[in-house]
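> Can you make the complete structure from the sequences, with help from the hints?
Chains as they are written, first to last, in my numbering: chain A, 1 to 495; chain B, 1 to 302.
Don't read these hints as lab results, they were simulated from the structure.
Cβ pair distances, simulated, as ranges:
#1 A:Asn217 / B:Arg105: 37 to 47 Å
#2 A:Thr243 / B:Arg105: 45 to 55 Å
#3 B:Leu279 / A:Ser188: 38 to 48 Å
Simulated pairs of lysine-lysine, BS3-like, Cα-Cα distance not exceeding 30 Å:
#4 A:Lys98 / A:Lys118
#5 A:Lys231 / A:Lys167
#6 A:Lys167 / A:Lys357
#7 B:Lys118 / A:Lys410
#8 A:Lys118 / A:Lys410
#9 A:Lys167 / A:Lys98
#10 A:Lys124 / A:Lys167
#11 A:Lys231 / A:Lys210
#12 A:Lys97 / A:Lys136
#13 B:Lys83 / A:Lys210
#14 A:Lys77 / B:Lys106
#15 A:Lys167 / A:Lys436
#16 A:Lys410 / A:Lys167
#17 A:Lys97 / A:Lys185
#18 A:Lys410 / B:Lys106
#19 A:Lys136 / A:Lys118
#20 B:Lys118 / B:Lys83
#21 A:Lys410 / B:Lys83
#22 A:Lys185 / A:Lys128
#23 B:Lys83 / A:Lys378
#24 B:Lys83 / A:Lys436
#25 A:Lys300 / A:Lys167
#26 A:Lys354 / A:Lys300
#27 B:Lys106 / A:Lys118
#28 A:Lys167 / A:Lys128
#29 A:Lys77 / B:Lys118
Model, not experiment: these values are computed from the prediction.
Quick reminder that beta carbons are idealized off the backbone N, C-alpha and C, glycines included.
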Amino acid sequence: MHPNWHIGLYVLVQGSSYPVQTVINLIFLLLSAHADMELAHKHGYHNDVPMHDIAIVGGGMVGMALACSLASMPLTKQLNVAIIDSNPALLNENSIKKEDPPDPRVSTVTPATIALFKDVGAWKYVEKHRHAYFDKMQVWDYTGLGYTRYNARDINKEVLGCVVENKVLHRSLLSCIQNAAFQQKIYSCRLSSMTLQPSSSSSPRGSSAKLELSDGNSLYAKLVVGADGSKSRVKELAGISTTGWKYSQNAIICTVEHMEESRCAWQRFLPNGPIALLPIGDRFSNIVWTMNPEESSDRKSMSEVDFLKEVNRALDNGYGPHPKSQLFGGSAAFSWLTIDKSLSANDCFEIPPKVTKLASDRMVFPLSLKHANSYALKRTVLIGDAAHTVHPLAGQGVNMGFGDAFCLAKVIAEGVAVGSDIGEVSLLRRYESERKPANMTMMAILDGFQKAYSVDFGPLNVLRAAAFQGAQYISPLKRTIISYASGEQRFPLFS
Amino acid sequence: MVRKHLITRLRNLTRPASHLHSHCPNFLQTRRHFSDAPPPPASALPPPPPASNVHSKSSLNQTELNKFASIADTWWDAEGPFKPLHVMNPTRLAFIRSTLCRHFRKDPHCTRPFEGLKFVDVGCGGGILSEPLARMGATVTGIDAVEKNIKIAHLHAELDPITSSIDYCCTTAEKLVEEQRKFDAVIALEVIEHVAEPAEFCKSLSALTDSGGAILISTINRSMRAYATAIIMAEYVLHWLPKGTHEWSSFLTPEELVLILQRSSVSVQEMAGFVYNPLTGRWSLSDDIGVNFIAYGTKNNE
Ligand SMILES: Cc1cc2nc3c(=O)[nH]c(=O)nc-3n(C[C@H](O)[C@H](O)[C@H](O)COP(=O)(O)OP(=O)(O)OC[C@H]3O[C@@H](n4cnc5c(N)ncnc54)[C@H](O)[C@@H]3O)c2cc1C
Ligand SMILES: C[S@@+](CC[C@H](N)C(=O)[O-])C[C@H]1O[C@@H](n2cnc3c(N)ncnc32)[C@H](O)[C@@H]1O
Chain A
1 MHPNWHIGLY
11 VLVQGSSYPV
21 QTVINLIFLL
31 LSAHADMELA
41 HKHGYHNDVP
51 MHDIAIVGGG
61 MVGMALACSL
71 ASMPLTKQLN
81 VAIIDSNPAL
91 LNENSIKKED
101 PPDPRVSTVT
111 PATIALFKDV
121 GAWKYVEKHR
131 HAYFDKMQVW
141 DYTGLGYTRY
151 NARDINKEVL
161 GCVVENKVLH
171 RSLLSCIQNA
181 AFQQKIYSCR
191 LSSMTLQPSS
201 SSSPRGSSAK
211 LELSDGNSLY
221 AKLVVGADGS
231 KSRVKELAGI
241 STTGWKYSQN
251 AIICTVEHME
261 ESRCAWQRFL
271 PNGPIALLPI
281 GDRFSNIVWT
291 MNPEESSDRK
301 SMSEVDFLKE
311 VNRALDNGYG
321 PHPKSQLFGG
331 SAAFSWLTID
341 KSLSANDCFE
351 IPPKVTKLAS
361 DRMVFPLSLK
371 HANSYALKRT
381 VLIGDAAHTV
391 HPLAGQGVNM
401 GFGDAFCLAK
411 VIAEGVAVGS
421 DIGEVSLLRR
431 YESERKPANM
441 TMMAILDGFQ
451 KAYSVDFGPL
461 NVLRAAAFQG
471 AQYISPLKRT
481 IISYASGEQR
491 FPLFS
Chain B
1 MVRKHLITRL
11 RNLTRPASHL
21 HSHCPNFLQT
31 RRHFSDAPPP
41 PASALPPPPP
51 ASNVHSKSSL
61 NQTELNKFAS
71 IADTWWDAEG
81 PFKPLHVMNP
91 TRLAFIRSTL
101 CRHFRKDPHC
111 TRPFEGLKFV
121 DVGCGGGILS
131 EPLARMGATV
141 TGIDAVEKNI
151 KIAHLHAELD
161 PITSSIDYCC
171 TTAEKLVEEQ
181 RKFDAVIALE
191 VIEHVAEPAE
201 FCKSLSALTD
211 SGGAILISTI
221 NRSMRAYATA
231 IIMAEYVLHW
241 LPKGTHEWSS
251 FLTPEELVLI
261 LQRSSVSVQE
271 MAGFVYNPLT
281 GRWSLSDDIG
291 VNFIAYGTKN
301 NE
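What follows is the structure in structure tokens.
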């Protein structure tokens, strides 16, 4: 139990030297208003330095999601928000053409993210562009020992997720803000430095952070949101440390074309890492293929024909045979598992569609995992990749970021409702305590997956396969896994 | 007393800053000097001198005031002695927001629902409550009997253009009554247990309330459970404070509060308790008024 607060107040008085100090303080009080003006000159403040409630540093997908969410709520839409990013996509209105082949930078958004986008009114803009829902997912293993298929109807959903190009998500959020009556100002430059506690103790800006921009301008904000990606300048300037590591693995991403349209997301685990084929609409799919660095440089530079051959081998019967359905079903070794066959009876193993054409450049990037040790300090808060970077294995990176953005907007609204200073650390900690456990659980799962599949060792392969078979046949567990991957549940491991 | 008047008068005098500049150049120098130095430590300041000219109806309880004066520097330290007030703040403000939005028929979804309303925060301390009320749009007057609290409150409010409009004044509720001031809402949170005459104090609060206005009072219950949780835990189990520093008998039960408010022509409309969840470290509103509680009342038409 917590003791009542009164206790803290009953400290006995032990003081002395009263008059001098009091007179000085009195003078201090009386003159503060005037002296502030004096100070303003001394410190080079000018009244034309703009003052904002919130400065969002980084107008990527996550920063824009925060702005959008703030614009959508009655309590926050009156806030005066600055968005700082030199990315020209924030300014020019060049439209996205539906005929163009899809960009290789895509995100798999979960039903939870879709619901949040609908809430703020941004999903209708996504629907105007290319987007592809999928309702099935097949995950299997090159050893041929196991596979599992997830189906939306197993969790009573229409879809398991939707694959959308990052530029479409970004543009939709931007359109959504532009069509809301929202006081945002876009500063088309980068943040270069920031002072969280401007020197003067009683300036009218004393409760704001001062931001210096790359074009020499500056501005004040009560709250600075670092949405500036994995190399966050805000994180660096605020002195927030990170924990993380690099995997000695790279991912190749690209867009491909195949024979027939599909509504299934495919992922196969190979000796050096997984390959995923995500339908992005029409007959296009996105490929995310994890491998060791030497392989990635080879496969980036090889001819298109050779690359496609490798892709098809990786998705079909290269490295090992197709798994047979129900290899472990009912076997004595796993008799302790509760088997629910009715759920998965129709889910036979399928071979993914054959890839016929490369439709974009091949991009290579290294995999890493990075987590900020703190998300919130006084006047500073981190969201999205600035707070956590994960490899794209389960396409969770940006979903975690969207989760952050919407949660932070909600916490800010709660603060505004009760007249809090929105830069107050006790308020921002509420955001942290909601998001940190959720993100860390997700990171642990992804890291676990990563570790389990980056080792090619016989007994482990069998265990892995057993885990797959388990996931295939034990419906409650399977439901939990899917609902976690689709952003429905918070703590699958503890519930 | 003289000093308090002096402050008020001087403050009014000094409103146009240039006027001051020409008349008191040496004051300015002192101010500049101190703007570069850290604020003086708490111990450097003893309590204000005993108020010898207190008349019988005064709400002042000097022993209590001395306690507050001694820790005034820590008002805005969220981890300091006033931590419980900081932690409780969002919860009690949520109660105030919801009752007063209903009372004054204001849109609860609006950022500044109290725009155009005059509130007085009696016993404002360092302004922990006054500042959020100002951000919610109210025109706030904050009063406290301890001069040092008012000074801290004023300096802190100056940091933010929105809160710098708060009118802080070192005075008492009964003095404002003498000056015939009226407010739309009169708020005194965690004060009544520190005053000399709770019933008289309530009469003053009532007199400050405009007809059709609202009154909000929060305090700690004189219940066995409040005693157990608050005192035993803090004084004996956690050893936070020297034993025996609580003035137990000065606490009011909810029934007593309702009664004395009634006698001051205030009808209590709603009451809520605050409960602390040690797991989340947060307070929430509840029907349980056994330990800490808040009451919202309306002034009866005379
Ligand atoms: C190649 C690649 C493929 C990926 N594939 C997937 C996937 O399939 N699924 C998935 O869910 N996730 C994927 N991710 C992760 C996903 O892209 C990120 O999680 C997501 O982009 C994070 O968004 P963000 O807004 O937090 O950061 P970013 O998208 O990195 O945006 C940061 C923004 O901040 C701006 N900025 C940076 N520094 C400053 C500064 N000093 N001042 C002002 N502005 C600044 C930048 O211009 C940029 O606009 C992938 C990541 C990469 C790199
Ligand atoms: C526990 S604090 C509460 C502060 C503030 N109302 C809050 O809840 O955050 C009590 C305050 O009441 C002031 N006080 C006590 N007796 C008073 C009186 N008779 N008149 C005015 N203020 C008084 C004290 O100086 C102290 O600042």
